[in-house]
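> Now for the letters of each chain:
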Amino acid sequence: SQTIHQWPATLVQPVGSPLSLECTVEGTSNPNLYWYRQAAGRGLQLLFYSVGIGQISSEVPQNLSASRPQDRQFILSSKKLLLSDSGFYLCASLRRDSYGYTFGSGTRLTVV
Amino acid sequence: LAKTTQPISMDSYEGQEVNITCSHNNIATNDYITWYQQFPSQGPRFIIQGYKTKVTNEVASLFIPADRKSSTLSLPRVSLSDTAVYYCLVGEIKMEYGNKLVFGAGTILRVKS
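Protein chains in written order, with the numbering used here: chain C, 1 to 112; chain W, 1001 to 1113.
Because the hints were derived from the structure by calculation, they are not lab data.
One thing to keep in mind: the hints can contain errors.
Claimed, not checked - What follows is a set of in silico ranges between Cβ atoms, one per label pair, in the way DEER data are often shown: (1) W:Thr-1053 / C:Lys-79: 31 to 39 Å; (2) C:Pro-18 / W:Arg-1077: 45 to 53 Å; (3) W:Val-1059 / C:Ser-105: 13 to 21 Å.
Note that the coordinates shown come from a computational prediction; the quantities given were computed from them, not determined experimentally.
The beta carbon of each residue, even a glycine, is placed where N, CA and C say it ideally should be.
Turn these sequences into a full structure, and let the hints guide you.
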């Protein structure tokens, strides 16, 4: 079965600082990978998805970018964080056996 | 994308059966219906998925009528640990180019003792 590793679990960053969140996947090859963000008390917003190395699709214009340097690695970045970037960031992989997502444990980002 | 409508919240007591209904009037022919459970500060967890009629696994049952314009997640004999947010997603999955499944606000289920 698939396992998604995300780190760090929590992060407090000042406004204007850079960001790099990493997600790695075990138990599958060539997965479809996703970055979601969840604001407090809200649903999940799809930010980026990738169907392969170097292939990134952005769902909403924003201050963030994503990269996929390796088959099972997905990175979320920002050059300069904004207060509005605060939230709960989740990485997900699409399961091939049931068309469902497997999610990581998430990163709680607070921009101060 | 098929828009989904769920109740904002539901309350139940331990040992009861809970049914959460999701409306998706404009569901497309190739769309599947998937339900997820999310606890605070955790990623959502896949519960069950179906296309039509009834699907059952060790956790829940999913009932889908013939017109597929709604679906009902049934949780048998809930416990306090079932308190969570439940999301209904409707969409087509294409492995070749990913998908655009959208999570709505979900249904907050509160189980009381």
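> What are the numbers of the hints that this structure violates, sorted from low to high?
1
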